[in-house]
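If you read the protein sequences in the order shown, they are chains W and R. Position one of the first sequence corresponds to residue 1 (the UniProt record's numbering), numbered consecutively onward. Position one of the second sequence corresponds to residue 1 (the UniProt record's numbering), numbered consecutively onward.
One thing to keep in mind: the hints can contain errors.
Which copy? The list can't say, so a pair holds if one copy fits it or any two copies do.
Stated by the list, open to error - Only pairs whose alpha carbons sit at most 30 Å apart, straight line, appear in this in silico DSSO-like list of lysine-lysine:
hint, residue 1, residue 2
1, K139, K118
2, K16, K75
3, K139, K75
4, K38, K145
5, K122, K145
6, K75, K118
7, K76, K145
8, K139, K122
I should point out that these hints are in silico values taken from the structure, not numbers from a laboratory.
The chain contents come next:
2 protein chains.
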Amino acid sequence: MIEPFDDNYFMNRALKEAENAFAKGEIPIGAVIVVENKIIARAHNLTETLNDVTAHAEMQAITAASDYLGGKYLKKCTLYVTVEPCQMCAGALFWSQIDRIVYGARDEQRGCINMGTKLHPKTKMEGGILAKEASELLKRFFIEKRNLN
Amino acid sequence: MIEPFDDNYFMNRALKEAENAFAKGEIPIGAVIVVENKIIARAHNLTETLNDVTAHAEMQAITAASDYLGGKYLKKCTLYVTVEPCQMCAGALFWSQIDRIVYGARDEQRGCINMGTKLHPKTKMEGGILAKEASELLKRFFIEKRNLN
Numbered sequence: 001m002i003e004p005f006d007d008n009y010f011m012n013r014a015l016k017e018a019e020n021a022f023a024k025g026e027i028p029i030g031a032v033i034v035v036e037n038k039i040i041a042r043a044h045n046l047t048e049t050l051n052d053v054t055a056h057a058e059m060q061a062i063t064a065a066s067d068y069l070g071g072k073y074l075k076k077c078t079l080y081v082t083v084e085p086c087q088m089c090a091g092a093l094f095w096s097q098i099d100r101i102v103y104g105a106r107d108e109q110r111g112c113i114n115m116g117t118k119l120h121p122k123t124k125m126e127g128g129i130l131a132k133e134a135s136e137l138l139k140r141f142f143i144e145k146r147n148l149n
Numbered sequence: 001m002i003e004p005f006d007d008n009y010f011m012n013r014a015l016k017e018a019e020n021a022f023a024k025g026e027i028p029i030g031a032v033i034v035v036e037n038k039i040i041a042r043a044h045n046l047t048e049t050l051n052d053v054t055a056h057a058e059m060q061a062i063t064a065a066s067d068y069l070g071g072k073y074l075k076k077c078t079l080y081v082t083v084e085p086c087q088m089c090a091g092a093l094f095w096s097q098i099d100r101i102v103y104g105a106r107d108e109q110r111g112c113i114n115m116g117t118k119l120h121p122k123t124k125m126e127g128g129i130l131a132k133e134a135s136e137l138l139k140r141f142f143i144e145k146r147n148l149n
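In isolation and in its complexed conformation, chain W is listed as follows:
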């Protein structure tokens, strides 16, 4: 059976969001939240534009998805994010009791895994989906930024 809506499909949508961030001079990280194969929230990093460290893609996606669902718990939802969440975003995901987190590239330095952030017992997390594409976008961003300065 052909399954058009798989992890790759949704991660590609998150990558599109990351590209939107790139175009605005933001560190290119994007996210979508999906419930029953339907995207209910999409967001990209806006920390520079908004002058706000809390404006990570995941945080905005959580707010938007909760608004859509009319409740603060993201049950039956999956978050696709192009880079492993940080402490703040993993902490927010803890409170949301989200079903599943799928990330692209690892963030060895600031990601929740090496930082030891606790996820909710109900939440499953897996990574590596389109990781190469996500990290190449980041690399390209930092090279361009360095060349401009």
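Using the hints, position chain R against chain W.
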């Protein structure tokens, strides 16, 4: 010398915010952010009103203070919050590079200390300021809530 603007003074203002949360049926936690003895942000928990797990007092205060300062780093700032920050809020404070965090009551279960959240090396944290007042407000809230159900 009499110092009118001490930690107790500002924590009392954070407690006022917590009381505002209580009046709205929200878990009563309040926060203010101070720079050079001036309150530049005040906020209280709004997770129920906004249906949004990210609407903790600290998160809103960080956003408001950054907006006031016109920059995302909260250098020279102190956050006063009536209860020890959670993983999400401590993670946001990490990114903000805030100077100092002063909390009231400990949160043994969900607070950043026992959860092992990393603060920024530049950030100092201390607790216990008006801790009794903060935890009594919480206790009163949960007793009233139980009696209503």
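Against the structure, the hints:
1. K139 to K118: For K139 and K118, the Cα distance is within 30 Å both inside one copy (28 Å) and across copies (26 Å).
2. K16 to K75: within (25 Å within a copy, 34 Å between copies)
3. K139 to K75: For K139 and K75, only the inter-copy Cα distance (29 Å) is at most 30 Å; the intra-copy one is 34 Å.
4. K38 to K145: neither (35 Å within a copy, 36 Å between copies)
5. K122 to K145: For K122 and K145, the Cα distance is within 30 Å only across copies (26 Å; inside one copy 39 Å).
6. K75 to K118: For K75 and K118, the Cα distance is within 30 Å both inside one copy (18 Å) and across copies (28 Å).
7. K76 to K145: Classified as between: cross-chain Cα gap 28 Å, same-chain 38 Å, threshold 30 Å.
8. K139 to K122: between (33 Å within a copy, 27 Å between copies)
Hint check: a violation occurs at hint 4 only; the rest are consistent with the structure.
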